[in-house]
Amino acid sequence: MNNIYINGSGNVSPQATTDNRHFLENPLSFEVRRLKCIDPDYKRFIPAEQIRRMGRIIRMGIAASKLCLEDAGFGAAAVSAGEFVPDAIITGTGLGCVEETEKFLTSMIRNKEEFLTPTAFIQSTHNTVAGQIALMLKCHGYNFTYVHRGVSFESALTDAMTQMQLGEISNALVGGSDELTANSFAITSRLGLWKQNPVNTFNLLNDHQRGSVAGEGSAFFFLEDHQTACSQAILNGVTMFLNPSSPQEISSRVRDFLAVHQLNPGDIDLVLMGLNGDPRTDILYHDLVESDFPLTSLGYFKNLSGEYHTASAFATWLAAMMLKTQTVPEVIQINKPPARLEKVLIYNHFQGKNHAFILLSRP
Amino acid sequence: MDELINKLKKEVIEQLNLEEISPDDIDPDSSLFGEGLGLDSIDALELIVLLEKNYGIKIEDPKDGKKIFHSIRTMAEYITEHKK
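Chains as they are written, first to last, in my numbering: chain A, 1 to 363; chain B, 1 to 84.
Check before you lean on any hint, since a few could be wrong.
[What the hints assert, rightly or not] Derived contacts from chain A toward chain B, CB cut-off under 10 Å, selection only: (1) Arg53; (2) Thr117; (3) Pro265.
These are computed hints drawn from the structure, not numbers from a lab.
Computed from a predicted structure; not experimentally measured.
Just so you know, even glycine gets a beta-carbon here, dropped at the ideal spot from N, CA and C.
This is chain A alone, in the form it adopts within the complex (with noise of 0.2 Å):
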C-alpha cells in the first residue's frame, strides 16, 4: 500500500492559523466560554458578486481550501483563476450551514411560511461548502459531505484514503467544517455542553466545571499519493467507533489501531488528544494514558480551537506542522515533549461518544 501525504494544509480557526510560514508562534488566550474564529479577509478568497452570497461558513471553508492549494505549491493565482482541479473533494461537518438553515427557519416562522426566500435555502444544505468549493474550483469530480457527528472529518478522511488506495483517484481535498452562532451556542448550552463561567482558555485543564469552551474552525488538506516538496505529513491511517463500553474497550482499539501499522503504544513519540476541559469526559483521555501511554509525550489542541464536530480537523492540521516543523509548541504541551517527532496520534472524541484515532508520521 503506497503512502499517502498531506501536501498541504489551510486553516481556518479561532487562532493565527492561516499563513503556515508563522506556526503558532503567538497563540492567543481569550476569558470566554466560546471562542470565535478570526476572519481572514475572505475577499482575497471569493469574488466580490459571490460572497454576498455566502455565509460565515462556507467563506471559511473556501478560505481554508483555497489556503491548503496554495500551501500544497500551487499559486494562488492559479487557484483563484480555477486552473488547479482536485480528483476529488470530500468534507465533514457536525452541523453544517447553521448560520443559514437559522436564517431560512426564522424566514418559515416569522412569514408563516410564506415569501421564502431561495438564498438561504440554497446555502444552508450540509454540502454547500463542498459544492461551492467545486464551483470555483471548476471541479467536476468527486464531491461528497460526511455528517456523522464528532467523527464526520475522521469519515471524509477514511473516504479519500480509501480512494487513494483503490487507485480511484490520486489526490484529495478534504476537510472538516463547523461554524457557531449565538442561537446553537444558547441552545447547546441549555445541553450542558458548554462551561457556565467564562474561563481562560490556557488554563482550560485546570478549570473545574462542567462542560467546555465551544468552538469552531475549518481545516482543509491536499492529500496526494506521492511525496512533494510541500509534505507536512504521511497520513497512515484513521480508525472510528462509537460508544465503547468500557476504558478498557478504548485500550483495546489503539491496540489493535496501531498494530495494523506494525506499531506499539510505546513507538508513539507524542498523543495529541481531544481533552477539553470537561471531567466528565476527559477522565477517558486520562485512564487510556494510564493504561496505554504513561510514558509517552502528551499535547492538547482545545484550548486553541474550542470543542466541535470537527476539532479533530484542527488536530490534524496541529500533528501535520509539528511533523514538518519538528516543533511541539509550548501551549499544547501537557508533559515533556519528544526530542524528535516521527510518529503522532490524534485521540479524540466528541461527549465520550463519538470516538477516532488519526495515526501520522514525518515523511
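Given chain A, work out where chain B should sit, using these hints.
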C-alpha cells in the same frame, strides 16, 4: 416617488446583501441586471419575494418581471400602480 425610490434602494441592498453598496451608489434609472448592478436570476427571485412581502404585490406573469425589474424606478412605478 423619490421617497419610495430611496426606500426601495435600502430594501434591495438589505434583501440581496449587497455589501459595500450604499443607496447613493444606485442610479434609479440604471439596469439592475447585466451591466448595471449585475444581479442574476437568484436575485430576481429575491426581488419577486420582496414585492410580495413588503408591498403585497404578486407578479402573476413571470414575463412581466423583465419590465418591472429593469431598474429601481420601474419597480417603484409598478408598486405605485399596483400597491393594495
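Point to revise | Proposed interface contact between Thr117 (chain A) and chain B, which counts if any beta carbon pair is under 10 Å | key: holds (5 Å)
Review point. Given Arg53 (chain A) was flagged as interface, is its beta-carbon under 10 Å from a beta-carbon of chain B?
Key: holds (7 Å)
Check your understanding: Any CB of chain B closer than 10 Å to the CB of Pro265 (chain A)?
Key -> Cβ of Pro265 (chain A) sits 52 Å from chain B, so the hint is violated.
When held up to the earlier numbered hints, the structure conflicts with hint 3 and nothing else.
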